[in-house]
Amino acid sequence: MSAVVSPIREPLVRGHKTYHQITEDICAPTERTPGLAWVLAFTVAVAFLALYVFAVAWTVWFGIGTWDLNRTIGWGWDITNFVWWIGIGHAGTLISAILLLFRQKWRTGVNRAAEAMTIFAVVCAGQFPLIHMGRLWLGFFVFPYPNTRGPLWVNFNSPLLWDVFAISTYFTVSLLFWYTGLVPDLATLRDRSKGLRRKLYDMFSFSWTGAAKHWQRWEYLSLVLAGLATPLVLSVHTIVSFDFATSVIPGWHTTIFPPYFVAGAVFSGFAMVQSLMIIARKVLNLKDYITIEHIESMNKVILVTGTVVGVAYLTELYIAWYSGYIYEQFAFYNRVFGPYYWSYIGMMACNVLSPQIFWVKKFRRNIFLTFLLSIFINIGMWFERFVIIATTLARDFLPSSWSYYSPTWVEISLFLGSLGLFFTLFLLFTRLAPVVAIAEIKHILKSAGDQYTGPEATHKHEAH
Amino acid sequence: MNSETKRILFGLYDDDEQVLDAVRKAKSDHLDIMDVYSPFPVHGMDEALGLKESRLHIAGFIYGALGTLTAFGFMTWVFTRDWPIIFGGKPYWSVPAFIPITFELTVLFAAVGMTVTFYAVSRLWPGAGNPILHPRITDDKFCIAFDTTTCDEGEISRLKNFFEATGASLVETKEVSEEA
Amino acid sequence: MNQFEFTSRQKRTFFIMMGIGLVSMLLTYFMDDHYKHLRFWTNYLHNTVFFAGLAFISTFIIAAFVTAWAGWYVLMKRIWEAFSLFLLPAIILFIPLIVGLWLGWHQLYIWNDPDVVAHDEVLQGKAGLLNRGWYTFGTLLIMGLWYLFAKKMRDLSLEEERNGAGPDFAYHRKLRVWAAAFLPIAGFLSVPLITLWDMSLEPHWYSTLYFWYTGASWFVSAMAVTVLLLFYLRSKGYFPHITDEHIHDLGKYVFAFTIFWAYLWFDQFMLIWYANVGEETAYFKLRRDFYPVLFYANIFVNFALPFLILMRNSTKRKVGTMVLVAIVVVLGHWVDFFLMIKPGPLMEAQHLAGEHATAGFVPGFTLPGLLELGTFTGFLGLFGYFVFKKLTEAPLEPANDPYLEESLHHHA
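Residue numbers (the numbering used here), protein chains in the order written: chain A, 1 to 464; chain B, 1001 to 1180; chain C, 2001 to 2412.
Keep in mind the hints are simulated off the structure, nothing from the lab. Everything numeric in this text was worked out from a predicted model, so none of it was measured. There are no misleading hints in this set.
Selected chain C positions facing chain A (Cβ under 10 Å, derived; list incomplete):
| # | residue |
| --- | --- |
| 1 | K2126 |
| 2 | H2172 |
| 3 | A2180 |
| 4 | Y2263 |
When the alpha-carbon atoms are kept at most 27 Å apart in a straight line, the in silico DSS-like pairs for lysine-lysine are as follows:
| # | chain 1 | residue 1 | chain 2 | residue 2 |
| --- | --- | --- | --- | --- |
| 5 | A | K213 | B | K1027 |
| 6 | A | K362 | C | K2152 |
| 7 | B | K1052 | C | K2252 |
| 8 | B | K1090 | C | K2285 |
| 9 | A | K361 | C | K2151 |
| 10 | B | K1006 | A | K199 |
| 11 | B | K1160 | B | K1174 |
| 12 | A | K287 | A | K17 |
| 13 | C | K2151 | A | K300 |
| 14 | C | K2174 | A | K361 |
| 15 | A | K282 | A | K300 |
| 16 | B | K1006 | A | K213 |
| 17 | B | K1174 | A | K199 |
| 18 | B | K1052 | A | K213 |
| 19 | C | K2174 | A | K362 |
| 20 | C | K2285 | C | K2036 |
| 21 | B | K1025 | B | K1052 |
| 22 | A | K105 | A | K300 |
| 23 | A | K361 | C | K2152 |
| 24 | B | K1174 | A | K194 |
| 25 | C | K2252 | A | K105 |
| 26 | B | K1174 | A | K213 |
| 27 | C | K2174 | A | K300 |
| 28 | C | K2152 | A | K300 |
| 29 | A | K194 | B | K1006 |
| 30 | B | K1025 | A | K213 |
| 31 | C | K2252 | A | K300 |
| 32 | A | K213 | A | K105 |
| 33 | B | K1160 | B | K1027 |
| 34 | B | K1160 | A | K213 |
| 35 | C | K2318 | B | K1052 |
| 36 | A | K105 | C | K2174 |
The C-beta atom is built at its ideal place from N, Cα and C for all residues, glycine as well.
Taking the hints into account, I'd like the entire structure generated from these sequences.
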């Protein structure tokens, strides 16, 4: 092996694992009967999913009037939820693609789960614009297809349509990337099972054999898909930000929105990965693969992106002052001191201030604190979207149309229900497929296992 | 479609560096390796086996270019010929507004095209029924396989000696049927 | 050969370059006295900002790579250290601009003209930031602070070189703290500085993305300059351990940040174009209508060309192609800054003189002329001289960096 690793690096696989041990450890959760924790969690998740179905049915049956949206505030929790979920759906591709290109090896422990999470988050996100359209069954109108109305095409100049293309492309490419990575690991599961289970896994693993030529092409494909996914993941939240920034609404129309939305998305995505992985590593007994080093690295990314978001918040305030444009100035005055001042405080406290504790190494490596903070950030990032959407709309150019908005039970149920959808999918995933990428962990074992590197190393490699 | 039976002689190794040395030795001994199987991509295997560089990226480029042309051409046609719309006082042919969708379709075409090509040329799809030589190959064993359908005893024993010399932990023969 | 020797021939070349620069600047000053020698002063500002930015962004690059635990770059870190120390001469380069602001030598910034401000409500609103005091102390203090970090990181790196890695990599661990602390400082403080230097040249215009856009332009330029310098030094037999793999990685950075730059360019342009708010479109309308050649060339040279050439992996490893691309990119981003800096003051000056700006050709503004290129040559000579001088102060390839082995065995 030609991998030379600096002695200053910490090992990423603990417990002196052998290749076989890795297989055993990671396959185990899919092969045993689910424990009580899983069953309980799944029951709760499905209950919330039922609530979701009910709330969607209610909305469709009685109409959007059951929400508290009004003529001034036409976007509320629905679009907030949409942007929030899409943001969370950025971490997986980011971890897998950008960190792959930047050679951050620690990505290997968490990439599989993060990618799965991405896909489920995008599934949740995609629902909200459709529900908001009211007539769900006409959702396909958003695609350009020859029709009997002229044909009247969709408006390709509208950022809302760009969203349709961005999100469907992102979903498709993430799915391909994730599944292609999963195929060899599904073959591992196949070769450990019998009967129907074996037949099913053979089908889902596309009859993978592990031939050298296949691996060569597979690595190649992963790399190119990573290369494609990197600008893609940037483009998705960029285009979501265009929904706001192409308008002339003060507080929405600002040029920093695209990269700032992307940074925020990475931030919230990592927070959600932290929340999930901290539980998963314990429940699924994967502490040797998702180590404290992984958690610390992710906390660093959280600190960096939290601060980037902070720079963006302050730049916005600063330019609002600098612009000398009274409407712009009022929009930001209103954000900080207006009727929704509490959501601005929540956003600032959760997103900018709270991650600053991660400057201290001890806190970065504290699991409980990390978990708590990851929840804070999820809340803070939800507030951010709410601040951008509701606060801005509540104070129109015309004071006579100023308004206030608070959600009805239907909107709250839709949000809580979408969490149910997300967790149902994620919990199923932990039972059906390996949560950690088996082949990739084996691939880095000799450069990142604790018997090869770090203070406890027993096998030292000669560099050649 | 007629089914053919192949007789395959394979050996399993316990370590990736060991199998890499074995492959190098086989190459220098001019043994005709059918294939090498491993639980993960072994670094340096491509060169050792003398595999040609994959041409997937060329396919990817073509698919991507196709996506660019499709998106840009279609939007141009719609807004200059079929159903022009003025929005925000902009010209019909508003290039900046076409860029997001053009980009998305470029990526979509390239990614989908390449992935489909990969599975198709690798003969991997649900029900492809590729032979699995040993269940531990996707776990922790590294396998070198020879096609011995037409080999005589002398050649087979030469191969067995090779496995012994390079430290294979298990050597077996397996008959697989392959659709030709 | 690990000790760099600054030959007298190289020194002579740099002095000739500086001479060309000096002559060009003098000629510019005396040949063109329109609007208080505006052509000279804009050229001076343009190059000062460009090279100060290279130094700043190199400090940022070191800080970012150390924080990200990158290993591959270690062999070439001396180059960025040398670039980063140029912050000190850059501060001195700003002195004439600052003094000129107080003594009325130039009219680069119309917010410095009390008569204009007295009749302009918008400028009165901004006077809290756009004034001589902030320009002076902002520039000196913030750049001084950045230099402090650049110097501290360089010192730690040299101590590590002299004394060994230290118990449990003490020097490197200390370096990590300084590097991490620099990142937010760079992020927050670059905003007011870029406002004062560049954005306030057209003080009625504003864009929140402008700061990151400027940073991206510097980043690509710094990477391209690094490629050129590395190829030159390698051709002289230095950096024996830097292989095609390292060059390949630098090529990836040029490629990736070329895309990132284009992404930011597009975001800024498209959003302003789409929303069509008069205050904002003024910036692009001025450039598109009066500077069409540079406006379109900017996108072509800084995006389309490097993107298409560097898309293939093999081109990132070919000396000829990489040198070509790097030269194109450095000049391209120099022109990008030209386009950011030059049109504003000219328009304001014409406006002030009661003239109508027209799409006619204005020497030294519509297109960079020989005097502009001469000025650039002079600044490049100064930068090169300083960097080579700094390279002599330490072994080129560091010996005790904890990631050295990774860099020596790097595979792109």
